[in-house]
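Asks: Chains as they are written, first to last, in the UniProt record's numbering: chain A, 1 to 131; chain F, 1 to 389.
If you are wondering where the hints come from, they were derived from the structure by calculation, not from laboratory data.
Incorrect hints may appear among the rest.
As the list claims (entries may be wrong) - Calculated pairs, EDC-like style, for lysine to aspartate or glutamate (alpha carbon to alpha carbon, straight line, at most 20 Å): (1) 44(A) - 255(F); (2) 235(F) - 36(F); (3) 369(F) - 280(F); (4) 111(A) - 316(F); (5) 76(F) - 43(F); (6) 22(A) - 48(A); (7) 315(F) - 85(F); (8) 44(A) - 43(F); (9) 76(F) - 44(F).
Source: prediction; values computed, not measured.
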Amino acid sequence: MRPLPELTPENTAFWTGGAEGKLMIAFCSDCSHAIHPPQLVCPKCWSEKVESRAVPGTGTVYTYTVNHQPWAPGMAVPFALAVVDLDGAPGARVTAEVVNADPESVTIGQKMKVGFLNLDDVWFPQWEPAQ
Amino acid sequence: MTLNAAITGVGMSDIGRKTNRPAMAHLAEAARRALECAGLTRDDIDGISTYPGKADNSPGMSPLGTGEVRNALGLKTRWHSAVPDGPSQMAPIQVAAMAVATGQARHVLCFRALTESSSQTATQRASIPGAGRARLGGWYSYLVPANAMSASNWAGWMAQRYFHEYGMTREHLGLVATGQRVFAQANPSAVMRTPLTMDDYLGARMISSPLGLFDCDVPIDGACVVIVSAADAAKDCAKAPLTIEAMGAALGSQETWDQRPDLTTMGAHDSAADMWARTDLEPADVDVLGLYDGFSIFVPFWLEAMGFCGHGEAKDFIAEGNIGPGGRFPVNTGGGQLSGGRLHGFGLLHEVCTQLWGQAGGRQVEGAKVGACGMGGGFIAGSMLLRRD
Numbered sequence: 001m002r003p004l005p006e007l008t009p010e011n012t013a014f015w016t017g018g019a020e021g022k023l024m025i026a027f028c029s030d031c032s033h034a035i036h037p038p039q040l041v042c043p044k045c046w047s048e049k050v051e052s053r054a055v056p057g058t059g060t061v062y063t064y065t066v067n068h069q070p071w072a073p074g075m076a077v078p079f080a081l082a083v084v085d086l087d088g089a090p091g092a093r094v095t096a097e098v099v100n101a102d103p104e105s106v107t108i109g110q111k112m113k114v115g116f117l118n119l120d121d122v123w124f125p126q127w128e129p130a131q
Numbered sequence: 001m002t003l004n005a006a007i008t009g010v011g012m013s014d015i016g017r018k019t020n021r022p023a024m025a026h027l028a029e030a031a032r033r034a035l036e037c038a039g040l041t042r043d044d045i046d047g048i049s050t051y052p053g054k055a056d057n058s059p060g061m062s063p064l065g066t067g068e069v070r071n072a073l074g075l076k077t078r079w080h081s082a083v084p085d086g087p088s089q090m091a092p093i094q095v096a097a098m099a100v101a102t103g104q105a106r107h108v109l110c111f112r113a114l115t116e117s118s119s120q121t122a123t124q125r126a127s128i129p130g131a132g133r134a135r136l137g138g139w140y141s142y143l144v145p146a147n148a149m150s151a152s153n154w155a156g157w158m159a160q161r162y163f164h165e166y167g168m169t170r171e172h173l174g175l176v177a178t179g180q181r182v183f184a185q186a187n188p189s190a191v192m193r194t195p196l197t198m199d200d201y202l203g204a205r206m207i208s209s210p211l212g213l214f215d216c217d218v219p220i221d222g223a224c225v226v227i228v229s230a231a232d233a234a235k236d237c238a239k240a241p242l243t244i245e246a247m248g249a250a251l252g253s254q255e256t257w258d259q260r261p262d263l264t265t266m267g268a269h270d271s272a273a274d275m276w277a278r279t280d281l282e283p284a285d286v287d288v289l290g291l292y293d294g295f296s297i298f299v300p301f302w303l304e305a306m307g308f309c310g311h312g313e314a315k316d317f318i319a320e321g322n323i324g325p326g327g328r329f330p331v332n333t334g335g336g337q338l339s340g341g342r343l344h345g346f347g348l349l350h351e352v353c354t355q356l357w358g359q360a361g362g363r364q365v366e367g368a369k370v371g372a373c374g375m376g377g378g379f380i381a382g383s384m385l386l387r388r389d
């Protein structure tokens, strides 16, 4: 069973935005700094005016790995895990499983788009190649 | 510059896989050997220090806390510390050095005990953060639920990016793994001592690309104790004190494995720079190295971080034979964690000290006087330079 994140004031938008098909990233309203993982206070200017907003949901593979080891009972392998530099959120990256693609086909620099996997009250970002 | 602190004794239990021996039994054995090494008795120990303390974080990962060890060993301590946050697995040793330097203790027993191997079952893997919890918090809650469950995934990301930028190949990492195995063959306490060829390495199953089975360290049961003493108190010990020349720590980037702007570097780079800024010694002065090898890729990262070669140059540095048996800068001469077993860096420091005392037997680096040790991977790191005068 995939472990679920604890929902908190700072991360709820990120983990539930997928319900509306949106990748929600925290930004500072004062200095526009993208904050991921999300925080309540901007680490750049200490403003408390942090709010989450939808980013395009596309990005570029910064790095990846293909996982072959079943870490938990029933874990289907192999699968690729990509770390994606987000469009519209400079400096922020999101880690997620790659779906709808041969794991061995993933490459650095590849363009990706986000989708979501819903489990309980959480919508996990997943990445697939952007066509 | 020199800290008013020294290492005076080290001890390791009879480590192994699936020993089914309680952590406390391992710890008591390691403590007895460390006291014997230092020429001290348990009554001399007035401080106790560990990482991360007793913690329900992963099976067999942190079975013992300071209090129960104090009670079980009948120690009369007046100072204690358990450090879940800090400069990596080296934190308890660094904190102990600060305690003796400030007069809060004279001789500190620093320990790490693990029963990861015995705790690993078919349905319960070790080293999965938060395993068994209903909901995850903290930095790994952005990784583990994405199925990036293991540090091997996180290290795999770093290796893949490094391969991409600097042309490293699996053969280069294979030189790390096979070289350390040769060292392990000369170390009676290493858990993996059968010969390991490059073909064995390349043919082993993939764990998390580009890291395969022999790129990953070996979970074991065991304990290691390092005794840190005040410099004046160290003079009374059995061995020449190993002066702590300089230390470095790092939390120079976000506390997570995927957000560091350049994932071809680690916290090691911050930590090592910090260490070198506090000494007149240079990499060329170092005779023997203990570099954290939770994964083989950490070794080139640490080499670059410590300035033994430039950034992106580690693959050539390794291929030229610098770090293996007979090399100019031998790394992890006891077999490291890849072949010796994972004592979370304590084993690497144990080996560096053993080398500096000239007691490494068939793997002894001739005339070793200065040792460097770097612990940690990803965002955490601690560095230490030791000198035998």
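Asks: All the hints need checking, so say for each whether the structure fits it.
Replies: Tested hints:
1. At roughly 15 Å between alpha-carbon atoms, residue 44(A) and residue 255(F) fall within 20 Å of each other, so this suggested pair holds.
2. Restraint check for residue 235(F) and residue 36(F): the C-alpha separation of about 15 Å stays at or below 20 Å, so the hint holds.
3. Between the alpha carbons of residue 369(F) and residue 280(F) the distance comes to roughly 15 Å, so the proposed pair stays at or under 20 Å and holds.
4. As the CA atoms of residue 111(A) and residue 316(F) are separated by approximately 32 Å, the hinted pair breaks the 20 Å bound.
5. Restraint check for residue 76(F) and residue 43(F): the C-alpha separation of about 7 Å stays at or below 20 Å, so the hint holds.
6. Of the pairs offered as hints, the one joining residue 22(A) and residue 48(A) is violated, with about 23 Å between alpha carbons and a cut-off of 20 Å exceeded.
7. Pair hint residue 315(F) plus residue 85(F) does not hold up; C-alpha atoms about 32 Å apart against a cutoff of 20 Å.
8. In summary, the hint linking residue 44(A) to residue 43(F) is not supported, as the alpha carbons are separated by about 50 Å, beyond the 20 Å threshold.
9. The hinted pair formed by residue 76(F) and residue 44(F) meets the criterion: a straight-line CA distance of about 8 Å does not exceed 20 Å.
Checked against the numbered hints given earlier, this structure breaks hints 4, 6, 7 and 8; the rest are met.
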